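S.K.: Sequence:
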Amino acid sequence: MLKASSRFEPYPLITDYYIAQARHRAKRKAYIDQVRIAKVFKGAMLIKLRLQLEQTVTKLQTVLALSPDQVAALPPPLLRIRELEQENELLHRELDELRQQVELRNAQLRPDVNRREHFAASDDRLSERDLRRRRTVESGDIYLVGPVAYISCAQPTIYLRSIPMSLIHIVHRLRW
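The opening position of the sequence shown corresponds to residue 1 in the UniProt record's numbering, with each subsequent residue numbered one higher.
Just so you know, the hints here were simulated from the structure itself, not pulled from any lab data.
Keep in mind that this is a model prediction, so the values were computed, not measured.
The reader is advised that the hints may include incorrect statements.
Said to hold, decoys possible - Taking lysine-lysine pairs in the DSBU-like style, the calculated list, with each CA pair at most 30 angstroms apart, reads: (1) Lys39 to Lys29; (2) Lys42 to Lys29; (3) Lys59 to Lys29; (4) Lys59 to Lys48; (5) Lys42 to Lys27; (6) Lys42 to Lys59.
Could you put the whole structure together from the sequences, leaning on the hints where they help?
M.R.: Laid out in structure tokens, this is it:
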């Protein structure tokens with residue numbers, strides 16, 4: 001690696017900047033050489049593949065016993081590809097229509113599901129309750145640690161923030 005050192009260099013004008021430029025030029029030259037090699041390799045591969053394709057076509061012609069005139073009469077592959085794409089598009093449309101029919105059929109079989117979702121979305125009491133709960137928790141004047149959860153009556157739980165441990169033990173003994 002090239003390193004600029006003022007003590008050992010005979011020319012003080014050469015600095016790290018010039019060494020970095022030289023390093024960059026060397027990397028750029030190596031990259032350009034790689035690109036040229038890749039282009040040559042790609043061209044050679046295309047020629048090789050074209051020859052293989054021609055050999056395969058002649059083998060198929062001999063196996064099928066087709067003359068060059070009969071091969072020329074075959075439809076071009078691009079036309080067949082277009083036909084297949086159109087058929088694929090038609091099948092996708094049919095699939096979408098069938099999915100819509102299935103969805104409509106399921107909606108007719110279960111009409112109460114849509115009603116429940118509609119009522120749940122339009123119930124303002126739940127949103128008002130959540131808003132009041134958030135205001136209470138955010139005000140900080142109660143002993144809640146986290147969000148309030150609906151607790152079953154079988155095992156009541158108290159969320160305490162800054163109560164001395166002695167009081168917690170007393171409360172625990174009183175509850176049990």
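S.K.: Quickly compare the C-alpha distance for Lys42 and Lys29 to 30 angstroms and report which way the hint goes.
M.R.: 20 angstroms, holds
S.K.: Hint check: Lys59 vs Lys29, CA-CA at most 30 angstroms. Holds or violated?
M.R.: It is violated: about 45 angstroms lies between the C-alpha atoms, which goes past 30 angstroms.
S.K.: Check whether the Cα positions of Lys39 and Lys29 lie no farther apart than 30 angstroms.
M.R.: 15 angstroms, holds
S.K.: Can the restraint linking Lys42 and Lys27 be considered satisfied, given a maximum Cα separation of 30 angstroms?
M.R.: 22 angstroms, holds
S.K.: Taken at face value, is the distance from the CA of Lys48 to the CA of Lys59 at most 30 angstroms?
M.R.: 17 angstroms, holds
S.K.: Hey, Lys42 versus Lys59, does the alpha-carbon distance stay inside 30 angstroms?
M.R.: 26 angstroms, holds
The structure fails to meet hint 3 from the earlier list, while all remaining hints are met.
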